[in-house]
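Both chains come to you apart, so use the hints to assemble them.
Listed below, chain by chain, are the residues.
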Amino acid sequence: MSEPVTIMEAPVYLQYHFTAGRASTRFLQRLKEGVLSGQRCPRCSQVYIPPRGSCPACGIATEEEVALSDKGTVQSFTIVHIPIPGNPIKPPYVVANIVADGANISFIHLLGDCENSDVRIGQRVEAVWRPREEWTWAMENILFFRPIDEPDVPVERIGTLPVTGWEG
Amino acid sequence: MSASDTLEKPFELGFTYTRSTGPVIGRFLGALKEQRLLAARGSDGRVLVPPPEFDPVTAERLEELVEVSGEGVVLSWCWVHEPRASHPLQEPFAWVMVTLDGADVPMIHCLRAPHAGSVQSGARVRACWAEQPQGRITDLCCFELVEKQV
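As you go down the protein sequences, you meet chains A and B in turn.
When we follow my numbering, the leftmost residue of the first sequence carries the number 1, and every step to the right adds one.
When we follow my numbering, the leftmost residue of the second sequence carries the number 1, and every step to the right adds one.
Isolated chain B, as found in the complex (with noise of 0.2 Å):
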């Protein structure tokens, strides 16, 4: 038999899971429909955000949430010339690590860019909302970079 005859196709394997949130991820997620976003507090003074659900020194449960900005500086960031049908763009982006202004720890999302040279460490950029917010992290659809003030 040769190599041609035999027999291949595509097929999709799905998991169509249904999760709850729990009390911290429910009420991050229910702020994003109004466009903010909420952190969690540490007990060593930390803003964390997303907010989890345990204190990541003392693992004691967290419950005081708090606001921070959306807008923030680029930590660090990564180019993706060929997004993949499952990324958040479908054109060129880049990963970014984004310290919001008023938490202390970065966290990951994607920034949209004209190209990779436009990116920089320290850069400044805000959050871009969906127009039909659903509740998910979605609804913050990317980041964007902030025209620097003249």
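Next comes chain A alone, as it looks inside the complex (with noise of 0.2 Å):
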């Protein structure tokens, strides 16, 4: 009589073919020229990124192409202490999202050059980029946001500052 199998691996792969559109087209070209970008909506004027070629809330399309600072504020955060299979980065490290200046909507990226304890929503950050000519279409662009030595943008500030940051 053999033994029973108590554990089998039963992976679902999906495949996809990614046709980018548009407006992530034109945010990807940007990323690869080192601009975080975004699109601003006719109506009510937010700024989203990345931009999806319409504003979510007005139901209409965005044209306006804005280009963004790569400063930020952490709107939220979590810090990762379960390793996740075939990610390279070791935990316990910060995922955060982070408002670019200019922007009124967040993106998600890491946090790095910083002690995890001192993160906190409010914090100001900036990007790390690669080497130039590593540049390609994709956010990994950026390694990380470290934080940088500006007072700590209000909770009600959060999401609203201009592309030229925060004076406060």
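Please keep in mind that the hints were generated in silico from the structure rather than gathered at the bench.
Just so you know, not all the hints are guaranteed correct.
Claimed, not checked - To give an idea of the interface, some chain A residues facing chain B are shown, with a C-beta separation under 7 Å as derived from the structure:
#1 Ser2
#2 Thr6
#3 Pro11
#4 Tyr13
#5 Tyr16
#6 His17
#7 Thr19
#8 Trp137
#9 Ala138
Said to hold, decoys possible - Simulated pairs of lysine to aspartate or glutamate, DMTMM-like, Cα-Cα distance not exceeding 20 Å:
#10 A:Lys90 <-> A:Glu115
#11 A:Lys32 <-> B:Glu8
#12 B:Lys148 <-> B:Glu71
#13 A:Lys90 <-> A:Asp118
#14 B:Lys33 <-> B:Glu131
#15 B:Lys9 <-> A:Glu140
#16 A:Lys32 <-> A:Glu3
#17 A:Lys32 <-> B:Asp5
#18 A:Lys32 <-> A:Glu140
#19 B:Lys33 <-> A:Glu3
#20 A:Lys32 <-> A:Glu134
#21 A:Lys32 <-> A:Glu126
#22 B:Lys33 <-> A:Glu140
#23 B:Lys33 <-> B:Glu71
#24 A:Lys90 <-> A:Asp113
#25 B:Lys33 <-> B:Glu67
#26 B:Lys9 <-> A:Asp113
#27 A:Lys90 <-> A:Glu9
A virtual CB, placed ideally from N, CA and C, is assigned to each residue, including glycine.
Set out below in structure tokens:
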């Protein structure tokens, strides 16, 4: 009588062919040039990054491209303690929602060059870019964001800063 | 911007699950290594394969497993002209519902056959086994048609 099997590998692989579309293509091309860019809604003026070609609030097309700062503010964060298979980053590390100056919505990226216990909502950060010759059509052009020596942004101001940054 | 300027690329999203088999499927898979097929006996006396963990009528836990034959009869089938990469066979084949000898319900598996015209409901088939069993359903690689006795 054979031994029962207790564990089995049951992977699921989904094969996609991703087409970026106009807005995402433009975003990725600007990213390859080392620029974070968004789109502004002509009705509500909200600036979205990454741009999707439409405003999710107003439901209308967005055309105007806005160059954003690579400085921003931590809107939210989590400290990851659990290793994810295949992920080269060793825990514990910080994943944060960051609002770039000039944008009204956050994207998710890593924080680095910091003490995890020091990370806080409202903290000012800036992008650490890979060497220029490695830039491609990907957010990985930015290795991570690191804290900068500026005063914290009050919670109610997060997501409202102009592209020129935080004068406070 | 013309459509040809739009960025595109293939990518694969993988969910690399490892799952526990449970007490019943675990024994079923273990027996496959020995080229044996285990079934469960339900509360109504029916022999069910692959064996469910719980009785389909009473929902009681099922623990008694009985062996059924690696040979059976095609109940129904569907020919696959163009197998996809994820299919168990990379040549045209049939999905079949096979009622194994000793079982009361059919199970779904694949049937290797020369062409669609060679398959019919009622055909006798037998299991083909992998040379290197791993305790997976693919240890039973496929079914093949049993030549009619002359």
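Now for the hints, and whether the structure bears them out:
1. Ser2: Constraint on serine 2 (chain A) satisfied, holds at 4 Å.
2. Thr6: At about 6 Å, which falls below the 7 Å cut-off, the nearest Cβ of chain B leaves the hint on threonine 6 (chain A) intact, so it holds.
3. Pro11: 5 Å, holds
4. Tyr13: 5 Å, holds
5. Tyr16: Hint on tyrosine 16 (chain A): holds, closest Cβ of chain B at ~5 Å, below 7 Å.
6. His17: For histidine 17 (chain A), the interface hint holds, since the closest Cβ of chain B sits about 5 Å away, which is under 7 Å.
7. Thr19: Cβ of threonine 19 (chain A) sits 4 Å from chain B, so the hint holds.
8. Trp137: Interface hint status for tryptophan 137 (chain A): holds (6 Å vs cutoff 7 Å).
9. Ala138: 10 Å, violated
10. A:Lys90 <-> A:Glu115: It holds: about 15 Å lies between the C-alpha atoms, which stays within 20 Å.
11. A:Lys32 <-> B:Glu8: 15 Å, holds
12. B:Lys148 <-> B:Glu71: 13 Å, holds
13. A:Lys90 <-> A:Asp118: 18 Å, holds
14. B:Lys33 <-> B:Glu131: Holds: lysine 33 (chain B) and glutamate 131 (chain B) sit about 10 Å apart, inside 20 Å.
15. B:Lys9 <-> A:Glu140: Within the cut-off at roughly 16 Å; holds.
16. A:Lys32 <-> A:Glu3: 55 Å, violated
17. A:Lys32 <-> B:Asp5: 15 Å, holds
18. A:Lys32 <-> A:Glu140: Within the cut-off at roughly 10 Å; holds.
19. B:Lys33 <-> A:Glu3: 9 Å, holds
20. A:Lys32 <-> A:Glu134: 9 Å, holds
21. A:Lys32 <-> A:Glu126: Holds, at about 18 Å.
22. B:Lys33 <-> A:Glu140: 45 Å, violated
23. B:Lys33 <-> B:Glu71: 17 Å, holds
24. A:Lys90 <-> A:Asp113: It holds: about 14 Å lies between the C-alpha atoms, which stays within 20 Å.
25. B:Lys33 <-> B:Glu67: 14 Å, holds
26. B:Lys9 <-> A:Asp113: Answer violated: lysine 9 (chain B) to aspartate 113 (chain A) is near 33 Å, above 20 Å.
27. A:Lys90 <-> A:Glu9: 24 Å, violated
Violated hints, in rising order: 9, 16, 22, 26 and 27; the structure is consistent with all others.
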